[in-house]
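Number of protein chains: 2
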Amino acid sequence: MSFKEVEQSFLDYVRKIVNYNEANSVMYWDLRTGAPKNSVAQRSIVISEISSEIFKMTTSDVMAHYLTTLEEAIGNNIISFETEQTVKEMRRQYDRNTKIPAEEYREYIKLQTMAESVWSEAKNENDFKKYQPYLEQIIEYKKRFVEYLGYKECKYDTYLDQYEPGMTVKELDQVFQTVRERIVPLVQAIANTGKNFEKEEMTQFVSKQKQREICESLLETLQYNFSAGRLDETAHPFATSLNLGDVRVTTKFHENNFDKAIFSTIHECGHALYEQNISTGLAGLPICCGASLGIHESQSLFFEKMIGKSYAFWSKNYNRLQEQLEGKLDDVSLDDFYKAINHSKPSFIRIEADELTYPLHVMLRYEIEKELLEGTIEVKDLPEIWNEKMSEYIGIRPSNDQEGVLQDVHWSMGYFGYFPTYALGAMYAAQIKNSMVKDIPNFDELVAKNEFEEILQWLKANIHQHGQTKTPKVLLRDVTGEELNVQYYIDYLENKFSALYDLAEVEQ
Amino acid sequence: MSFKEVEQSFLDYVRKIVNYNEANSVMYWDLRTGAPKNSVAQRSIVISEISSEIFKMTTSDVMAHYLTTLEEAIGNNIISFETEQTVKEMRRQYDRNTKIPAEEYREYIKLQTMAESVWSEAKNENDFKKYQPYLEQIIEYKKRFVEYLGYKECKYDTYLDQYEPGMTVKELDQVFQTVRERIVPLVQAIANTGKNFEKEEMTQFVSKQKQREICESLLETLQYNFSAGRLDETAHPFATSLNLGDVRVTTKFHENNFDKAIFSTIHECGHALYEQNISTGLAGLPICCGASLGIHESQSLFFEKMIGKSYAFWSKNYNRLQEQLEGKLDDVSLDDFYKAINHSKPSFIRIEADELTYPLHVMLRYEIEKELLEGTIEVKDLPEIWNEKMSEYIGIRPSNDQEGVLQDVHWSMGYFGYFPTYALGAMYAAQIKNSMVKDIPNFDELVAKNEFEEILQWLKANIHQHGQTKTPKVLLRDVTGEELNVQYYIDYLENKFSALYDLAEVEQ
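Line by line, the protein sequences give chains A and B.
Numbering-wise (numbering that gives the first Met the number 0), the first sequence opens with residue 0 and increments by one.
Numbering-wise (numbering that gives the first Met the number 0), the second sequence opens with residue 0 and increments by one.
What the hints contain is simulated information worked out from the structure, not anything from laboratory work.
Among these hints, one or two may not hold up.
Since copy identity is lost for identical chains, a pair holds within one copy or between any two.
[Said to hold, decoys possible] Subject to a maximum C-alpha distance of 30 Å in a straight line, what follows is the list of computed DSSO-like cross-link-like pairs (lysine-lysine):
#  : residue 1 : residue 2
1  : Lys128    : Lys151
2  : Lys388    : Lys3
3  : Lys3      : Lys109
4  : Lys36     : Lys207
5  : Lys87     : Lys129
6  : Lys388    : Lys87
7  : Lys209    : Lys437
8  : Lys209    : Lys3
9  : Lys259    : Lys98
10 : Lys251    : Lys459
11 : Lys469    : Lys151
12 : Lys259    : Lys207
13 : Lys251    : Lys448
14 : Lys459    : Lys36
15 : Lys495    : Lys151
16 : Lys315    : Lys379
17 : Lys129    : Lys459
18 : Lys207    : Lys251
19 : Lys315    : Lys55
20 : Lys437    : Lys55
21 : Lys98     : Lys36
22 : Lys379    : Lys308
Quick caveat, the model's predicted, so the values are computed rather than measured.
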């Protein structure tokens, strides 16, 4: 077979994997948006049946043969650019899935399932001791796996790289140090003002149907394409790309906190716009997705925080919202609404944290994960370590583990190296926006007119269309001309929150 | 391998096929209940990818080996009853899918796709000539295939058997002759009364949200299990069993015909109750479904016509409906409502036909299909033949082919032998009900109290639980003690419509 023939055959094989993934994604979406209770047990079997076929295909001898053959052709202009990138992605998956002995991996998956269920009980019962032995075992596996997977400078790098290719402890340590030095005093300064921007009017009852209408109108305003997507209700909002013509968003309607649905919808809209605008040339390939979790999060946060929580946006859209809410916000001025949706207040729970304190929640987890993997701290000491760090960074100390170390499911699922992508997203977003406004100096003006065409075209041209053909590092350099530079993020937060809370210049 | 080991291995293999079918069914459901427009092209590829895997598995050498091995064990009490039935079903599928040469079948599938799309255009343009050559080719294939598939007395029997195992032209000819002799005069007698029971109030605007509430309350009343199902909107209502814990119904909300949603919901509810009540011992097997299309339709029609359109049912539920409709039916008495939902009036379109004229629409199609396959009529003459028969049976003559021979998609899809199951369902339903009331003499009383427990238990014990472990013929004999006896159906229709239209005794 010629390289061209191998390429074609490889692409057919890979498309089959993508198709199977699509089937599973439809079933996942369905499970999370209203599948009946009794469907779950059998549906999970179907999903796992198809997952195991996908696993077989990604780790098969056939795949190994394709990869070694096509890797020879890389860089020689024999196979297409898209194929090259696909080969690289499938190589990543192949290595990750074959380096760990299958039997050991199966045991680990079983442990995960157990750990997740024990975590849930332990959280409900506020009983860390119950969870401790499971987390200890998870970490033992993680330590063992990293030996199979290999690492250069630092074990944790290997896991970071799974979610954010190219990211290292060395780089992140520096980034978080700056964040710590600059944001912790800002949080403190805001606490010292004693100001509280929360508004009781925001907790009035708003029916789910009404919230749905509001969210749909916002999605339309932001040019989410309903011909290639839909909005549904779920317990934990997410966006999912089933195929290039089907990128769905979900939200949760809290009847006494309509703003939650609004901002989770705009957040997921950011994710969805990314996936809806990937080049059609990548359709059906495994690289038809975001560059990384961090870059994906940069798009959701750009829309949620930099557009959705901006003064410009609501200067145009607040009237409509007031009308939609039929008088419920008539006594809240635009200024007060803007302050209310941006208020910052130390809190225990990460997923409820505001824009300013959020990165501190992530930092705390990052530091703990790193040290657990290196073996410099022990699981049994986590509650104390957690509470100490909360106190140091955010200024409040959890009174129990439910609102402390037991709050997240991630570790039970073995997601080590995942949390940092949330913070990286915010940093990328600030850096990307800094570049964008050089090209679109009237950014605020466009936002204030609901004119998003130019902004979206810029994002599409610079980020969205490329899908996963660029690594996050290459993408960021191409878009902004430099490596990750956390200064843009710090500046953005300092400017925004100093103005909001009318702070005297904080120490630069 | 022992028989027991082969049995286990066969069941694992078959369950995999069922799991793949479930994945496809979820995607079909999704496509028909709100998947975004742009999702369709790629989703169809996924469905066809998985279908082709299913086809491979059902026709594989592995399957052939399982079947021949296990067929030796049938009747020897070595393998379970469920396995025996599963072997029989998989043998049916294997034979059907292997007897026709693969290349020829692929060509036929391509033709179907073309024919369906040409049919749609031809119908819109009212141009039978355009469609004619495609239908001619379809019939040529059908004639050829039946030679591969084999037949005993009559070619058409082979196709009837695909949808209604055991049904023959010999039996159906007799049945339809009786229907013709007894129903045609009844239709004529009703036309002669000049009575029109339609009510303008039934065409008032009712919002989709309100119709959804009404339909949900009816489903609850009829003990549809929402923990194992859900109700969604679609263009052409259907019920679908994804697994034993997930049997979904759909309906269409016509804003100016709320009654359509009500009765299509009750109809699909009948299908769904059947599937929700199959024995859990059959879960995950290909025989965890209805005995045949005809038996399935007997359940949907039993609920739609014999409960949903009964006086007893509305004597209990009409008040609630009036309340739900907030005054819109206040001027319509229960008696007038009952008459309106049961009015009979000759019409051109089968899917809009009333209970009485419906079997005549089916009979016409049955006769045409049979003769096309035998070659005693030609496609080019169909419009004239169709219109003649309409005039003879139903008393009205279509003025164009759109409301005549071009109205149904079925033939484009090669569904020959399918239409009769609609009429058989109604006949089975009447015969089954006749047996049920011997066991439950206070049937009407229970319906008039919304007490469906006993009725459902009877259906579950006699029909639902058995899934596809009994053929329709065996099931009917077991339930009613006799073969199909169309007299029950005729009696039911004559009694109901004579009373409704206050007819003098029609000739018995």
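Inset, instruction - Hint by hint, work out which the structure violates, then give me just those numbers in ascending order. - result: 1, 2, 5, 6, 7, 8, 9, 15, 16, 17, 19, 20, 21, 22
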